[in-house]
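Sequences and hints are given; from them, build the entire structure.
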Amino acid sequence: MDNVQVSNEQHLAMYEEMLLARRIDERMWLLNRAGSIPFVVSGQGQEVMQVAASFALDKEVDYILPYYRDLAVVLHFGMTTRDIFLMAYGKAEDPNSGGRQMPNHFGQKKNRIVTQSSPVTTQVPHAAGIALAAKMEGKSLVSFATMGEGSTNQGDFHEGLNFAGVHKLPAIFMVENNKYAISVPLSKQVACENIADRAIGYGMPGIKVDGNDPVAVYQAVKEARDRALNGDGPTLIEAESYRLTPHSSDDDDMTYRTKEEVDYEKSIDGLLQYRKKLMEEGILTEDKEREMEEKLKQEINEATDYAEKAASPDPKTLQDFVYSEEGF
Amino acid sequence: MAVLNYIQAITKALKEEMERDEKVFILGEDVGPRGGVFRATDGLYEQFGEARVLDTPLAESAIAGVGIGAAMYGMKPVAEMQFADFILPAVNQIMSEAARIRYRSNNDWDCPITIRAPYGGGVHGGLYHSQSIEAIFANQPGLKIVMPSSPYDVKGLLKASIRDQDPVLFLEHKRAYRLLKEEVPEEDYTIPIGKAAVKREGSDVTVITYGLCVHFAKQAAEKLEQEGISTEILDLRTVYPLDQEAIIKAASKTGKVLLVTEDNKEGSIIGEVAAIISEHCLFDLDAPIKRLGAPEVPAMPFASKLEKEMLMNSDKIETAIRDLAEF
Ligand SMILES: Cc1ncc(C[n+]2csc(CCOP(=O)(O)OP(=O)(O)O)c2C)c(N)n1
Ligand SMILES: [Mg+2]
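If you read the protein sequences in the order shown, they are chains R and Z.
At position 183 of the first sequence (counting the first as 1) the number is 183 in the working numbering, and the numbers step up by one without a gap.
At position 291 of the second sequence (counting the first as 1) the number is 291 in the working numbering, and the numbers step up by one without a gap.
By construction, these hints were calculated from the structure, which means they are not laboratory data.
There may be inaccurate statements among the hints.
No farther apart than 30 Å at their CA atoms in a straight line, the calculated lysine-lysine pairs in the DSSO-like style are these [what the hints assert, rightly or not]:
#1 Z:K15 with R:K139
#2 R:K109 with Z:K12
#3 Z:K195 with R:K135
#4 Z:K23 with R:K168
#5 Z:K195 with R:K316
#6 R:K110 with Z:K23
#7 R:K222 with R:K288
#8 R:K135 with Z:K12
#9 R:K135 with Z:K15
The following block contains the structure:
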């Protein structure tokens, strides 16, 4: 297929969303190290694929089932910077869970961000179920589920993809291959060469892309979406990059990988590469960049302040919403 | 009014709910043209078509998980586990997902799925086609577990489960499928989930039980009536969460309580019932609470004599009631 066209405005918009996710993430680490928030789990190194994939979806109709690193995806789908900080502080106004879940267990019904749990890969059969329901109702939309490469070893990955394949469902499964599952490297997770190779067992195309190449990711997801809406069924996409931070704020990655390796990966960080390319092509300028950084900084400062001061959940609400208050 | 057996009442409830609400659909193994291995979905594929009576791949976590996804979208899925014994691969989906979706999203999302599963022994099913699995799920707030004891209850409770806004595990005793028959009204009715029902009024001994054991308790009570022993029977109907008020009332009424389950006694539903009674009814009790359940073996053996030895029956209940009455 021909390369898709991405306009200069789109490039800038994508870059800005990647940058927002990165700057929020960096702020989270500062807040964590300062003792203000108890936990951080990062998407640093995966912003390019997350934003590029999001741009290929329709945020007005599609359902997303993101995993904990998908900050950039949920921001694209309408969660605000303020929402993200309310989540990090576990405040009552947090739209994801009202402070009930750990950070990055995303969910917001109005934006079709499907609520997530901690056991990995349970969202994969849900994505099939949502695609099945949409198909039954004749709706033109897709479900989009993401997960890490280690998570593709779970039974639910197999069961969910097989179901989606058998019933030719409008679903897209994108594996964000960041080379590690906590400390365990890819070579000890799977015996096949590519995660994308698994697709053949489910009767769907398996596409491997460079997760640091925004146009390649955008094109792969766009084609997968077209296929899904055409009734041609689901697609498995493997987007490759690298986890630039430790697994979480509770991890010490120097116990299983070297500083040299991480430094090298930081030097080829997809976000930096994209910036360089946009600068070279004159799409991004120093002025535009400064303006962007200022704007994002202000947005993040305001969100941090708001969230810090916001009310915590009332202990009296502990037992709310176990069941529907309406009965049936 | 037609006389229906237990499984016909299931089919009827499913059919009526699918006619009433087009968001209701069925998914499971062999539920389509085959009509289910027990024929619970008999005729539904013909009436409603492939899209609403969906044969799934042989994968229980997907049956639950796909149903959960559809429920979050706004459908009313009825997922069938072919045997309750094979629900175990789906436990993560049922507990970590279905039961927690409303709570973890602070009421933003919900998961109105019904999961039907045939349980119970007495059908020469051996270890893996005979088990009672309710206790595994009976400490998961967010989930409801319904276990009907008769065709009338089946129709009303299954309709209520399908219409419920939260996930319901609907457990059907497979020996009851063709054993129990009664008149079932043609018209639409529901029975409230979370409420127990007094199935027999009595004054000497209270039996609290659920599922097929209600039938055995009734048989025992009828026999004992001729000896002048009067038995009250409370059918839990919903085994999680329990109807505490009804349990306390029934236990206090006679002061002598027999709790019966087909499940292994230790860690079963009736242990929780006993705890409720001991917390609330100490001064109303005239005898120690008596529990009757299966011995602590892993699951039911195949050979008839072993199976019979393990199973609950009306004789065992009769003896226990008599002992309590004489206490
Ligand atoms: C079922 C389950 N087992 C273990 C964990 C603990 N855990 C959380 S993340 C993780 C590694 C996941 O690796 P991968 O799928 O590659 O995603 P990544 O974190 O690298 O993005 C593990 C083992 C979990 N959350 N769920
Ligand atoms: Mg990984």
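Hint by hint, here is what the structure shows:
no. : hint               : in the structure
1   : Z:K15 with R:K139  : holds (25 Å)
2   : R:K109 with Z:K12  : violated (34 Å)
3   : Z:K195 with R:K135 : violated (37 Å)
4   : Z:K23 with R:K168  : holds (20 Å)
5   : Z:K195 with R:K316 : holds (26 Å)
6   : R:K110 with Z:K23  : holds (21 Å)
7   : R:K222 with R:K288 : holds (28 Å)
8   : R:K135 with Z:K12  : holds (27 Å)
9   : R:K135 with Z:K15  : holds (22 Å)
Hint check: violations occur at hints 2, 3; the rest are consistent with the structure.
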